[in-house]
Amino acid sequence: MYTLGDLAQRLGLAFSGDAQRPLTGLASLAAAGPGQLAFLADRKYLAQLGATRAGAVIVHPDFAAQCPADCLLSDAPYLSFARASQLFDRSPPPVPGIHRAAVVAADARVHPQASVGPHAVVEPGAVLERGAVLGAGAYLGHGSRLGAGTRVFPQAVIYHDVQVGEHCVIHSQAVLGADGFGFAPGPEGWEKICQLGGVRIGNHVEIGACTTVDRGALEHTVIADNVIIDNLVQIAHNCRIGKNTAIAGCTGLAGSTIIGANCTLAGGVGVVGHVEICDNVHVTGMTMVTRSITEPGSYSSGTPMAPTRDWKRSAVRFSQLDSMQRRLAALENER
Amino acid sequence: MYTLGDLAQRLGLAFSGDAQRPLTGLASLAAAGPGQLAFLADRKYLAQLGATRAGAVIVHPDFAAQCPADCLLSDAPYLSFARASQLFDRSPPPVPGIHRAAVVAADARVHPQASVGPHAVVEPGAVLERGAVLGAGAYLGHGSRLGAGTRVFPQAVIYHDVQVGEHCVIHSQAVLGADGFGFAPGPEGWEKICQLGGVRIGNHVEIGACTTVDRGALEHTVIADNVIIDNLVQIAHNCRIGKNTAIAGCTGLAGSTIIGANCTLAGGVGVVGHVEICDNVHVTGMTMVTRSITEPGSYSSGTPMAPTRDWKRSAVRFSQLDSMQRRLAALENER
Amino acid sequence: MYTLGDLAQRLGLAFSGDAQRPLTGLASLAAAGPGQLAFLADRKYLAQLGATRAGAVIVHPDFAAQCPADCLLSDAPYLSFARASQLFDRSPPPVPGIHRAAVVAADARVHPQASVGPHAVVEPGAVLERGAVLGAGAYLGHGSRLGAGTRVFPQAVIYHDVQVGEHCVIHSQAVLGADGFGFAPGPEGWEKICQLGGVRIGNHVEIGACTTVDRGALEHTVIADNVIIDNLVQIAHNCRIGKNTAIAGCTGLAGSTIIGANCTLAGGVGVVGHVEICDNVHVTGMTMVTRSITEPGSYSSGTPMAPTRDWKRSAVRFSQLDSMQRRLAALENER
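Chains as they are written, first to last, in our numbering: chain W, 5 to 339; chain X, 5 to 339; chain B, 5 to 339.
When chains are identical, the list treats them as one kind, so a pair holds in a single copy or across two.
Under the rule of at most 20 Å between Cα atoms (straight-line distance), these lysine to any residue pairs were calculated in the SDA-like manner:
1. LYS196 to ARG14
2. LYS247 to LEU83
3. LYS48 to ALA34
4. LYS196 to LEU83
5. LYS247 to ALA265
6. LYS316 to ASP326
7. LYS316 to SER327
8. LYS316 to ALA333
9. LYS196 to LEU17
10. LYS247 to ALA188
11. LYS196 to PRO96
12. LYS196 to ASP46
13. LYS48 to VAL279
14. LYS48 to PRO189
15. LYS247 to ASN207
16. LYS247 to PRO189
17. LYS196 to THR268
18. LYS247 to GLY264
19. LYS247 to GLU170
20. LYS247 to SER302
Just so you know, the hints here were simulated from the structure itself, not pulled from any lab data.
No experiment lies behind these values; they were computed from the predicted model shown.
Please model the complete structure; the sequences and the hints are all you need to start from.
As structure tokens, this is what we get:
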């Protein structure tokens, strides 16, 4: 619980209204009650502002006059909402120390303020810096390292020679450092190319549940600072992902893909191997990126959804497009 | 092993033939031998009926005359087959009680007829009702709950504040309640929006292996009764999925998607955020759902598969479609 | 560390240069230093050969004259590189024996030269042959079997009645033998079809992280020898995959799909159920395979990526294709 005045101070915002007003949680404009804090981050919810029952609202000064409740005034209401969410977070804090049911190698280095959960395994030469957390059943491989304040949720697996920076979050079932998919065709089938590189992850990176980041074949797979990656994403060997880039769920990057800084890949995108995407590119959902992108901007592929009956007609015609084009050219030639 | 008479009684079906016939298992019409039970659920296998060597067949009364074997007569043979499969299931039953190698918090509540496997972890305030099973190495977070008869297979992870109803099945590596992918752009990179909601799952829900259901940002992510979800599916924060809906593998739902009741999403479908799909909608495989669907029916997107050489020609023309349309309009104007 | 002469002998290759030259690792032509071995496997890197600082290069005899460094002469340089990578692999070897923190059923059979890691679970009747490795926290279900030399990485889950052959690699969070997605519609919702089959996996198979291979409904799901499967792939119940086939990341096969031998499925492919793909088929990335393929060759679907503004125009026209075709036919009729 915070008072409005407390929140204004912690968030570095001006406010209007009752400094002593108690606020016990966050809610949307539509759902918030008198003890809750709401926010207006998008004009399309402006109609909801006038009707809100929230005790207070984070709002841009331009809209404060339309707010029936107390206000926290922010030039960036969505950012202020994010910071407020951190204040109201009630997720259970990790317990410092090494759980008696963990297995930690004698020559691993675990900071006294780090946390190793039950059934977690820390292999020889691995390091947990101050405040690092290896959740229940999680695995930290030989010589791998979690930087200060990095949290690994239960059951995530980090193979050997994976370095994770500071203040990262790795969700459950994520796998960092599994072998890249490298094989050479041989006379008796596929010959495995041992993946000799590791993984290097910067600071303030978040990696979602069931996401896989493979180790490099010869050099490292590299994820820069402030990258955020959603669930069920595949990052293949030798990918390099630039700062602040965001990758949504179910996206897959093939090997040696290079993604620039400040990019956003929506969900279900696929990127073929050995291409390069420059900085400041947005790729819309389920796009198939089959070549390098050298100009910032938004890119797409796919076809629009339609009722299946209508879609089938279009789909048949798609296969006839080359013939349609030739028929069209023939008519033009006859003019 | 059952006799034909036993099976008829347990399945509530009439039968024709030898009540004492022993049946040791289920098989397809083509593969079944004299000691096995087969079924005819689809007319397209009718030709196999006459040739079957099965000891008995679950069959609609309309086709009984064509069956060379004993019959179990069912108006819904596929449903009867499903029920028979449950009788013949030989999967190993869970062992009741708390395994000595599990870690269970003192104030967790584990019903005496519940089962907690080796290396499983039950956090403070968590609850397992009668007959609930937390498999080997699985994790049940703070204050989370498994309803009566719900089974969690090895290594699945359930974060804090996740409520799972009765008689659900959660397969291995599924992750319920990881953080939704919520971040606000800030001056120093992405600012995390703590995900303050939980997950609420109804009764008789099945969730596949490596499927992720994220917790809500402010309110809960909700999955209604009788929903079935396959492997490697992403359900983002604040999704709401209606009763009896089925979601096949590799599908991804972005945040705040609402899916109605009795829907079927085939494999590899992607649904953008903040859209709503009404009841009784079918979406075909790999469709990109980019807008709300307000009418029941079947919906699709994508292009048909072709030999790569042919496909390339069509794909090039796709990029020229707008120009083709203008050329066509010009010709029409010249008439 | 190897000398050039050592490497030549171990790889069965002729060499030119200093037999005593020490080589400590592998690197690309561009990155290699004087103590490292590089390789030229693709003519497109020929320009880099002349400039390399590598101590030695694996090279086809045709290009040896252009190599400024010592040479290992190979008719198949990429294959020789793969074998060299195995010599330079420094990944930590598993520790033989059963870890004190593992839980192994009394009637499981663990070869003295097998390895069971901390917090691993081996259920009754399960078998680990000579040199098999069950990593930390991994689970081997009732009656399941790991053949000689097969390695299961931490946290992978193998349900009951799953047989894995020799010299396989199963990466972390893979799930073998979870229930296939089989349900019959019933009056009270979906009725579960218990999945009575198992999984049968041949020799020299590699299965990636977070990949799922479901058990069969009545018969087994089958993966033949030398199949390689990347991360986050879904293999549904009753699939059968032929020898030497390679399946890249994020691909999904629906139930009862049959894939021939020597096929390659690129990333993000989807295959509908009950179709059959013959031997020697290549499917390009993100293709939707909606019918059987009976001729070897390369197959594709999808549309090309474009700037979103351009793509939107094409996408609108896609929905009008049938009308465009009819307008075109009308013009042709007017001739």
